[in-house]
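So the protein lines, in turn, are chains B and G.
Under this note's numbering, the first residue of the first sequence is numbered 67, with each subsequent residue one higher.
Under this note's numbering, the first residue of the second sequence is numbered 3, with each subsequent residue one higher.
Since the hints were derived computationally from the structure, they do not count as laboratory data.
Note that this is a predicted model, so its numbers are computed, not measured.
Take these hints with a grain of salt, some might be off.
As the list claims (entries may be wrong) - Below 16 Å or equal to it, Euclidean Cα-Cα: the simulated EDC-like pairs (lysine to aspartate or glutamate) are:
1) G/K215 <-> B/E86
2) B/K347 <-> B/E423
3) B/K148 <-> G/E270
4) B/K148 <-> G/D189
5) B/K148 <-> G/E103
What the hints assert, rightly or not - Ranges between beta-carbon positions, derived for each pair:
6) B/P114 <-> G/D108: 35 to 45 Å
7) G/E290 <-> B/G173: 29 to 39 Å
8) G/E187 <-> B/G401: 33 to 43 Å
9) G/T37 <-> B/G401: 37 to 47 Å
10) B/G401 <-> G/E290: 51 to 61 Å
11) G/A18 <-> B/H403: 41 to 51 Å
12) G/R107 <-> B/G405: 22 to 32 Å
Where a beta carbon is used, it is the ideal one built from N, C-alpha and C, also for glycine.
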Amino acid sequence: MRTKKSPAAKKMLKTLLIDESWADFLAAHIDPMFTFSKPMAKIVRIKPETTDTVSFYLQPNRHWQGFKAGQSITVQARSNGKLLERMYSLSSSPDRRYLRITVKKQGLVSTALHETWQRGMVVPISQAQGEFCLPADTHTPLLLIAGGSGITPVYSLLQTLRGKSQKAVLLYFNPTAHDVLFQTRLERLAAQNANIQVHFLYTRNPANGQPTTRLNAALLESLGIDARAVLTWLCGPASLQAAGRELWAQWGISHRLTMESFQIAARRPQESSGGAAVQVKLTRSRRELKLPGERPLLDELEDAGVYPRFGCRMGICRTCHCDKERGQVENLKDGDHSGEGREQIRLCVSRAASNLELNL
Amino acid sequence: MKTELYKKLNQSEIEAFGQEMEALRLEIQAKLGQTDADYIEAIYRKTRYYEILGRFFIHFSVEPLAWLSGVGFLSLAKIINNMELGHNVMHGQYDWMNHPELNSRDFDWEHVSDNEQWKFSHNYMHHTYTNIVGRDHDFGYNLLRLSTDQQWHPLNLPQTIYTVVQALLFDFGIGSHGTTVEYAELDPAQKTNAQRRAIGMRFLKKITSQTWKDYLLFPMLGGLSAPKIALGNFFANLVRNIWTHSVIVCGHFTEHVETFTTTEAENEGIGGFYLRQLKGSSNLSGSERFYMLTGHLSHQIEHHMFPDIPANRYEEMAPRVQAICEKYGQFYNTGGFWEQYASVWKRILAYSFPDPIARQIMPAA
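This is chain G alone, in the form it adopts within the complex (with noise of 0.2 Å):
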């Protein structure tokens, strides 16, 4: 049922249509320069600012409306650090700035993901493997299971509470998920203890550093009002939290997104990969404002097929991918956000049941 939305394209015709895309990429390439620095520089003072806004909100506050509105700050300063810029920096889509801070060497996000485990994990193994089913540690994080192309077994009958904890702990899933994939990913000959405990030592510093500023470092500055600060940087914590989440999950686990075998993915070719990425993403519809917050996750098509273009540019370039796929009949998986996020809440329920069941709940599988 799920290939009618895709027309099944022959050889050449494939390579037709990755061309076309190679095309659309060294066009935007061509033309990146100061409106993509300054834009990306304007990013990164915002996130200083609201930030610098959330904490004072937080710490001067004295009733509660004032101090709201300084967690809704932090926790908007948290998200565009995390999303627009740590997301977009860490992928090297800025490195030819040569800027001394926003490339992808150098960048550290606000976050407790180590970001050398992120950045292997998330550019190298889940770029790459996007959505092959035992490649890709990110479909399902190991935790769901989402596609045919995984067995049954009982412990998913409970996956939709696994997403609900998932969701308010997000940042340390995402933390201990770099582990994990950073140590399945050695060499038999290299899993060793040893390199166990260095690896969890990494994450382990990271966790202290942000525990440090949020739940220490700033509660101590505010004297008497620690409580109410740690609070509110845990509040801001969980929001960036749950907004990741919800966005992450829309691009990913959809109701119509595809996964595939390793044998499928063999020598796909540059056609073939366009094609696997786009099948393996959906988008989010919404404003420009929106688009931002998501960190322009919101244009997971464009992201996957694109990931070292900066992410302004993906606006720009939808309709032109969009018009593409239309072309060589090719569904362009998009929508609004509730329409998105129901239906990936839709997948984890019929996943979390057998196929005949699964299937009832969601045509789709």
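Okay, chain B solo, but in the shape it has when bound (with noise of 0.2 Å):
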């Protein structure tokens, strides 16, 4: 995780040569929120949302630089002796004191936190990230489209938006009512804010007869809402993404569509062929590997036993952050080819494209 520093006991600790770690060592021993630097948080409350979804409540220490909404933090999880981070969307918003973040149990890591975050726990987490926020226009009338757990930032968003002039519609997708996070928040912030318009869709199974929706030109003239008059703001599912994204392609206006995923877009095959067709010299350990090339460079180097540091492995925090001295890689999130020279390249989301010389 990339934490800010915090300028003065940093610096008295370099002089005197003190590890920073053994000074947090010692502090933890008095309170495990007082650290030199890195910011911790202390879970305070565990809610339940749904049968398969929890809001961690989170008050943090004096490291903490605020955020604005729509923004997330990373939290770290232990699985199987590994140490894995994922980025949570905070749903608070902003002026609280606590920090609030929704996990739904869907893999590795959101298992572990379900499985091992208990009250009174303090914890490491990031500074805030992301751009996910609000537009300096205060003018424009906002569109946002939240699918399934991507309510987090969108809630937060909306919050902020409570007693403003600037009208905002949210469409919530869902597959069934029983998936749908901060319903009664929501439908309260309708009510008591003339500028907020909520309306809750449903992909799979909606209660009351309703018909199922998707998001389609037609459901946007159904509600009434012209996408090129609007700033839309979206956060879900590829699915979902994937919908928005070919949308406003087509009718020209992809500058006025944000995009907010955890998710790597691109698919790539989970299973390796076994192939052998890049050769990869590692400068620095001084080894050579054949590797296939065909998925992100961090997972062929694993299953070749050298295990660079790695944090999201989506290409957002940069921890697995590399020199390539020389050869091609392909960006996966995005297709594009980097040059043949000295670079620094995000392992988990690059793909050997030839023969390459790394600096680890």
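Relying on the hints, combine the two individually framed chains into one complex.
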């Protein structure tokens, strides 16, 4: 996790040649929240939201530098000895003292969080990150589209629009009525604020005999929304993102759409073919490996017994940043190919497109 | 005479031997998980608590016994930090954990040796070219003659004394060895004075931070007790040096350990690699606590065969390795600490003389 530094204390430690982790270790015996520069947070409340989703209320320590609505934090969980990280959007409003993340149990990290996080525990968190924030423009009406747990940053955005004049319409997609998060709170927001409208839409099994709906031109028309006249924020699963991206591109207004997701959109094969198409030279450990060159370098290196540091594994946190000395890689997130020379690459989203030399 | 210990194998037997060892390695690697992570984190905590206790007693003792117990705890802290924690973490054994500190890139040990220089001379040079005379700088540390493959020279005569000095100053010995190896392995074109300075500076940086901690920072914190504290820290370093030296020399310098020439090791294949690691290493037998205090270098054979398997697994792998060795008629070099340590001194003494005399002292030469 990348954390910003708190200058004075860190400088003092450095001058005295005292290792910061030692200092934190000693301080933790008095209070684990007391660190020299690492942001930590205490779990003050755990609230079940649906059958598989839980909200964790976190109280950050003094190193927390605040956040803008729509941003996320990175948290850690241990799974079979391995330290994994994931980013979760803050669903709370920035003016509150606590932070809230809402976690759906659907993978290794989320399961570990559900099973190991207890009230009173102090956990490391990152500073806020991300650009899924409200625009400087406070007049153009906003269209907020959320799917499933993608409501988390959107709910945070909505809360900052309370009592403002800027209009906002929320389209909240879920498979069934049981999956809806923050329903009561969203309804109350809409009821108490004239500028906010909320529509609950169901893609699989709606209640009350309503028809199933998808994000498409017909839906927007039926709701009287002109995509060209609004700024749109979308957060949700890959399918919702794809639908949004295509529609907005069709209308030639892709620049009016801002999206956020924590899943790599690029589909990549999970199993290796076991091929050995590229030669990768690790200059620091003086090893030469033959890799298939199909999946992200991080995965293929790990298969070969090399374990670079990693974080989010989706190209955002830069923990796996590595110097590529030579060779070409493909960025699996956007399909771009790199140059042939020296540059910094993110191992988790780069695929070896030619023989490589890495400073590992 | 020494070849009787290790039955001569043909090509297909060597390959089969290698395959069985590989299978064992993959089997254990698949089992790595929570237990290994918990183990190394417990060791990390142990070194910290021992250091706190050690320094506390050294600082606040009012009579010699308490002070000595402080020295004892601090010695243990340094030993465990250097061996069970540092050596194994820097080998990358726990990199799979993605731990922010206990990984081979970030971890820096409480030792004057620069960790990058050590990793180069140890992980790369020593482990790749184990016991190949002329390539493995660790074999004799460019100081001792320990094999007939090394030419005798009159300067070898006092090498028992060199060893004593090296043992007492072992941390500096390793540190300077790291700089020697880094420089020696540069391309001829890069062997400039500027490089020599840069390499030396890295070592100096480490010497500074370690000296600051043990001989300036903590003594100053003790005010008038500064001499007592500096002395305590000095003795802790000395104990660490003598202990680590003894354990490490038992790994490759015992009586029956073999050396190799570059030609012998050429095209050795996986099987040949495992055989060279086996013949070039020797183990120590003892209790579990003993194994931990040696950083599992008690299992030098297993460590050399599987340097990136977490060391806590070596104990369970040892019987399997032994069984495979027996199956192929290979000697599994192990013994009690004093037995192996004595044979090291015998070897050092023997090779301080030319070969004919050496063979009188140590028949296996």
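A quick look at each hint next to the structure:
1. G/K215 <-> B/E86: With Cα atoms ~14 Å apart, G/K215 and B/E86 stay inside 16 Å; holds.
2. B/K347 <-> B/E423: Satisfied, since the Cα-Cα distance of roughly 5 Å is no more than 16 Å.
3. B/K148 <-> G/E270: Distance ~35 Å between B/K148 and G/E270 Cα, so the pair is violated.
4. B/K148 <-> G/D189: Violated: B/K148 and G/D189 sit about 39 Å apart, past 16 Å.
5. B/K148 <-> G/E103: Given that 16 Å is the threshold and the Cα spacing comes to 13 Å, the pair holds.
6. B/P114 <-> G/D108: 35 to 45 Å: holds, 38 Å
7. G/E290 <-> B/G173: 29 to 39 Å: holds, 38 Å
8. G/E187 <-> B/G401: 33 to 43 Å: With Cβ atoms ~41 Å apart, the hint holds.
9. G/T37 <-> B/G401: 37 to 47 Å: With a Cβ separation near 42 Å, G/T37 and B/G401 satisfy 37 to 47 Å, so the hint holds.
10. B/G401 <-> G/E290: 51 to 61 Å: Holds, at about 54 Å.
11. G/A18 <-> B/H403: 41 to 51 Å: holds, 45 Å
12. G/R107 <-> B/G405: 22 to 32 Å: 26 Å Cβ-Cβ, so the 22 to 32 Å window holds.
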